[in-house]
Amino acid sequence: MSDPRDEAARLYREHGAAVYRRCLRLLRDREAARDATQEVFVKLVRDMKRLKDRETALPWIYRVATNHCLNLRRDAARRGEDALEPALEVSPGAPPDGHPDRYPDRQLAQQVLSRFDGTTQAIAVGVFVDGMEREEVAEALGISRRTVTRKLERFLGNARKFLARSEP
Amino acid sequence: MNPRCPSDLALERHLRDPDRSPLGAHLEVCPACRQRVARMEAEGEEFRRLVYPATVGAIEEAAERAAARRPWRLSLWLAPVAAAAAVAILWGPPSDYVGQKGFPFTAWVAGPAGARAVPDGGEVPAAGALRFRVQPPVPCRLWVVSVDAGGQVSRLFPAQGDGGAEMRDGGALPGGAVLDGRPGPERLFAVCAPGALPFTRLERSVRETAGGGAVAVRSGKVLRGLPRGAVQATLLLEKRP
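Just so you know, the protein sequences line up as chains R and Z, in that order.
Sequential numbering from 1402 applies to the first sequence in my numbering.
Sequential numbering from 730 applies to the second sequence in my numbering.
Next comes chain Z alone, as it looks inside the complex (with noise of 0.2 Å):
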């Protein structure tokens, strides 16, 4: 056995696969090492639970121009071809673009003489507590989400698991949340897809739509970028001191 401790790019193979990692038995007789992992695994987790949510937009930009750039560069004998077709897209709606036909959409928040339906634009207790009623016209995968003028994507429905919740049937939705406390506006979108809708596309969509500040928030009403036959709705609360 090599009796130098491994580096910390041999550390970072063994984190990715410990089962078949070579270390397993130095890092049995080193706790130096030991600490070394668990620290590399809280560092991860913060990397997973702050730094990931607030940068993950710039890395998927980046991805889209690189990939816009390339097949520029590679397919110039297409360019005939591309030209008509960009002569067709212009003359129809954008690729993105998914109806906003809409559905019923309520936020109730709680006071001091019950709950109240919050109208669009309303005012609500910046620390307030909410609950939400949704009646999708079909069955379909359900996602709840905010933001606010900070650009912060917040999941409130459902709160576990990839894809959005199965909905059969409308109603009240278990569960709620309660506001940051930080006065602006938050705009809530609910979005029914007809299949698994990944959190992330989700969150990219609300943040290109309504991610840019307090301005975007309160005009960035229609989502795009969403599956075909997803359905959108929307309600902008003023959470206020």
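Okay, chain R solo, but in the shape it has when bound (with noise of 0.2 Å):
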């Protein structure tokens, strides 16, 4: 049997740069995006199985990943601090001008976000920030695509109220 201390170490030189980068990206802080990365993988590596199948670690890597990192920026929200609360700029893979999931901003400002569940959030930073598909969404979170459709429209006509009530 492998030592769990090189296998973990092994598996961290191998998926550790994926979980950088999603924290990066949604936490916007390089000492952030570290300290996430560590507290991330220290949750993944509870499953050195699953982390192990290469088929399918990816996408159950991002939904911890994402997950985690919505909550910092959740509560950091809540503690009303600034450094993780940088509105999330909106993918080129997002739905173009005129698509019906169109974000109607550039960026996806945490007022908006913080106003939503987990899963929520999590979808529309799937849709909008990474620029997924419907059906990738669902697969990256493990949750039906019915779900992901009835969220995202929620989300979208509530974000647009928002956004509508905050111009100047």
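If you are wondering where the hints come from, they were derived from the structure by calculation, not from laboratory data.
Heads up, a few of these hints could be off.
[Unchecked claim] A few chain Z residues that face chain R, going by a derived Cβ cut-off under 8 Å, partial list only:
no.	residue
1	Ser736
2	Tyr781
3	Gly851
4	Ala855
[What the hints assert, rightly or not] Over 12 Å on every C-beta distance to chain R, these chain Z residues come out as not near it, computed from the model:
no.	residue
5	Pro747
6	Ala796
7	Val847
8	Val874
9	Gly879
10	Leu885
11	Asp898
12	Gly900
13	Pro914
14	Val951
Since the structure is predicted, the reported quantities are computational estimates derived from the model, not experimental observations.
Just so you know, even glycine gets a beta-carbon here, dropped at the ideal spot from N, CA and C.
Mind docking these for me? Both chains are given alone in their own frames, and the hints should help you get the complex.
Spelled out as structure tokens, the structure:
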């Protein structure tokens, strides 16, 4: 049997960069992303078997990292900290102009995100920040496409109203 | 072709296996996505260079804790056997103990009057240049590493490769090391292993032994968790401004 420490170090070398990139994307702060990467991987190595499965590991890693970083952003917003609250840039892969899923702004503001539950936040980030298709979001988050559609529509409706109200 | 650019997750998949990635055609015609891939590669490099070395210890500890918890929960029926084994272990040496028979290991520091050998606990300039001489007892795979009060583990010899340098005869080692300029204690370890010893394993052992601040650097002299048959030598340097 291999040494769990060696195995964990090997898996961290293999997958750690993906976690770091994800955290950097969502937190937009190198220090915070470094700490979050460690915290996420500490969670991941509790299930080494799953981490070793090359086919399914990546969406799972993505999901755990996304949820962790969105929690950090939420906690920071609650504490009134600015550092982890920068708006998230809408991806070039996000739905284009005229598409029903088009988000009405170039940036996904924390004030908009924080009005929704964790799953809806992860869906919105998947679609607008990462430019994922609905099927891809469903696979990455381990939920049905129907749930993605339902929550996304509700998110868009409320976000549009909120952004319209906040316009000067 | 999907007119939309691929998602971050799709690009992550691409990075894992670019040769078999279905995104090659899109990347050829999309400068924005090529730029995204380049940025992701740079961030990956940043992870390998800066984040991994600073955080891998915590990951390894978490994995060990998780592994230790799992069989305990699953193997209640083995409890009587385990209890007997525990008694045996309590009376024997720790399972990860490797005897410190030691071997000659010397560091020289360059000075205005020429190089001088540094005694254990001796003072050296904080940014001093060092050379090393070792005399391992048997042919082996050699590592020379150091740890400072900040817990930073540095590989001093060999500079490249993994597993340690093959040593048949002792003598002065090629190359050397320049200290980082920060005053405080720095402990050197020379480890001579019978086979390839991955740096991650050695690094972990060094961090556990002497990676907990200045007191740990000064007192942590014996590396544990090394392969059976490995021998080690150590030297403490006190870096002065």
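ask   = Does the structure break any of the earlier hints, and which numbers would those be?
value = 3, 4, 6
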